[in-house]
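K.L.:
Sequence:
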Amino acid sequence: MTAKQVTVACIMFLAATFFAAPCNAQSNLAADDEARIADIVTASHVLANEGILDSFGHISARSVQNPGRFFIPRAMAPALVTRADIVEVGLDCKPVAPDAPRLNGERYIHCQVYKARADVQSVIHTHDMAVLPFGIAGVPLKPVVAQAGFLPPETPLFEIRDANASDGKRGMLVLNAHLGDALAKTLGTNPVVLMRGHGDTVVGRSVREATIRTIYTRINALAQSAALALSSKITALNESELEINSTENFDADRPWQNYLQRLSAKR
Numbered sequence: 001m002t003a004k005q006v007t008v009a010c011i012m013f014l015a016a017t018f019f020a021a022p023c024n025a026q027s028n029l030a031a032d033d034e035a036r037i038a039d040i041v042t043a044s045h046v047l048a049n050e051g052i053l054d055s056f057g058h059i060s061a062r063s064v065q066n067p068g069r070f071f072i073p074r075a076m077a078p079a080l081v082t083r084a085d086i087v088e089v090g091l092d093c094k095p096v097a098p099d100a101p102r103l104n105g106e107r108y109i110h111c112q113v114y115k116a117r118a119d120v121q122s123v124i125h126t127h128d129m130a131v132l133p134f135g136i137a138g139v140p141l142k143p144v145v146a147q148a149g150f151l152p153p154e155t156p157l158f159e160i161r162d163a164n165a166s167d168g169k170r171g172m173l174v175l176n177a178h179l180g181d182a183l184a185k186t187l188g189t190n191p192v193v194l195m196r197g198h199g200d201t202v203v204g205r206s207v208r209e210a211t212i213r214t215i216y217t218r219i220n221a222l223a224q225s226a227a228l229a230l231s232s233k234i235t236a237l238n239e240s241e242l243e244i245n246s247t248e249n250f251d252a253d254r255p256w257q258n259y260l261q262r263l264s265a266k267r
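Our numbering puts the sequence shown at residues 1 to 267.
Just so you know, the hints here were simulated from the structure itself, not pulled from any lab data. Incorrect hints may appear among the rest.
[Claimed, not checked] Taking lysine-lysine and the DSS-like style, the derived pairs with C-alpha atoms no more than 30 Å apart in a straight line are: (1) Lys266 with Lys233; (2) Lys142 with Lys185; (3) Lys233 with Lys94; (4) Lys233 with Lys142; (5) Lys185 with Lys115; (6) Lys142 with Lys115.
Please read these numbers as outputs of a predicted model, since none were measured by experiment.
Input sequences plus hints: build the corresponding full structure.
P.N.:
Below is the structure:
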């Protein structure tokens, strides 16, 4: 091969590499999005199986390929969600596809949390019966079990009446950006926010993390309720225990696999 041929070959190789790399990167991002969508479907079934998601709860995941969008099931029962039911939505809370199916009215919870928190990759809203009393009785939800050490010393409570103070229509649902923004502000940097008479919203760095946090928020609420039935004096995790917990690598995959097995066994 002559020097000229070698030069031409090198140029062609570099050009092919340059143009192929963006394609491969886009392909990988699309695969990541499909993995997140698969987790949404699985998490919907898992949380329905655990009795945490009822007919109106919902799970979303931020797009890896386009962080200004997220994926969420159409308005339907979580236990029945399939890949075909997943809709891509912009942070303006409008579906990307013009012919998209009807979406859940409370998607504004997801839109505004994603806008406020760049670290959040998944949002889950539930009407968990174990958690609901702590938004009603004036008793703060505290971290009392080791696996719920991700909770703050006192979980914040979103009072929709405060956000609706100047609105003539005062419902309980988060149906617009104003209410979603107020909820996101109450959530702050926390992983969970309670919603008075409505349930809770949980966030995570992945669908799996958000799912396991949702499950352990429930377990923590059950444990705290049981303890309060025995005595008004309960012992919560202290600052040192919470600090150590925050530095430990809590791997969501192990409990995730456990709950998949529970779901599989029921089927």
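K.L.:
A separate judgement is required for each hint: does it hold in the structure or not?
P.N.:
Okay, the hints, checked on the actual structure:
1. Proposed proximity of Lys266 and Lys233 is contradicted: the alpha carbons are some 38 Å apart, above 30 Å.
2. Annotation: proposed proximity of Lys142 to Lys185 holds, straight-line Cα distance about 20 Å (limit 30 Å).
3. Distance restraint check for Lys233 and Lys94: the Cα-Cα separation of roughly 47 Å exceeds the 30 Å cut-off, and the hinted pair is therefore not satisfied.
4. For the given pair, Lys233 sits about 12 Å from Lys142 by alpha-carbon distance, which is consistent with the 30 Å threshold.
5. Under the criterion of a C-alpha separation no larger than 30 Å, the hint pairing Lys185 with Lys115 is consistent with the structure, at around 11 Å.
6. In summary, the hint linking Lys142 to Lys115 is supported, as the alpha carbons are separated by about 27 Å, within the 30 Å threshold.
Going through the hint list in order, the structure does not satisfy hints 1, 3.
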